[in-house]
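Per my numbering, the very first residue in the sequence shown carries number 175; after that it's consecutive.
Hints in this document: simulated from the structure, not taken from any laboratory. The reader is advised that the hints may include incorrect statements.
Claimed, not checked - For lysine-lysine, the following DSS-like pairs were computed, each having C-alpha atoms within a straight-line distance of at most 25 Å:
id, residue 1, residue 2
1, Lys339, Lys177
2, Lys214, Lys177
3, Lys368, Lys339
4, Lys310, Lys237
5, Lys368, Lys237
6, Lys278, Lys214
7, Lys339, Lys310
8, Lys177, Lys237
9, Lys330, Lys214
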Amino acid sequence: MTKLANKICVVTGAGQGIGRATAEMMVHDGGHVIATDINKDTLAQITEAQTQVLDVTNANAVKAFAAEVGAIDVLFNCAGFVHSGTILQCRESDWDFAFTLNAKAMYMTISAFLPGMLDNGGGSIINMSSVASSIKGVPNRFAYCASKAAVIGITKSVAADYVTKGVRCNAICPGTVDSPSLHDRLQATGNYEKAMADFIARQPMGRIATANEIAALVTYLASDAANFITGQTHVVDGGWTT
175 MTKLANKICV VTGAGQGIGR ATAEMMVHDG GHVIATDINK DTLAQITEAQ
225 TQVLDVTNAN AVKAFAAEVG AIDVLFNCAG FVHSGTILQC RESDWDFAFT
275 LNAKAMYMTI SAFLPGMLDN GGGSIINMSS VASSIKGVPN RFAYCASKAA
325 VIGITKSVAA DYVTKGVRCN AICPGTVDSP SLHDRLQATG NYEKAMADFI
375 ARQPMGRIAT ANEIAALVTY LASDAANFIT GQTHVVDGGW TT
């Protein structure tokens, strides 16, 4: 039997990168996956999972989606945004958007799906954080580091509150991952080759991660094989924070 057999899994931010890789891997591992994203064009490229356009920053949309889907076994909160810049380059609107998408959206999705998990006697919640958080200060990532640190706080709090109820909650903390959003940020620097070389140079392994390498850990945490793991920050960064 595959490790996610009979599990209903919701993935946010599934249109590309880690979210898509995870949705596809969960399907291959036997899960019934509902892949969501705000971008209907990238979502349409997913052929193996059920898809649903969803704005996770819209509280009413999240509540309606959860009511439609019903009880689930796995929630992977992957939707997020990387803001570049220092505190002096961070506008109030940048700060608000980073926290709305990177942290508040998780509050809303967890709040919407947790009651069903409790009724069913358990579930697994996996939140996308980053080593750029309370784990490591990274230059020019002020709002991103702050909002991803909040994700770790959300994760540990949910884990502590529901550890006796069968609900596990863990955070994934990647380093640099090869994804469309990364390539967009590199292009925005004006010198793609140098920016990529700089990213690779800070990795002790001499390369950046693939989306599948992160997805493999997410899928493991979603499975019953990880039933004794909760409240943890799982660093996947090729030794960057060693």
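Find the hints from earlier in the document that the structure breaks and name them by number, from lowest to highest. When the structure is compared with the hints, numbers 2, 3, 4, 5, 7, 8, 9 turn out to be violated.
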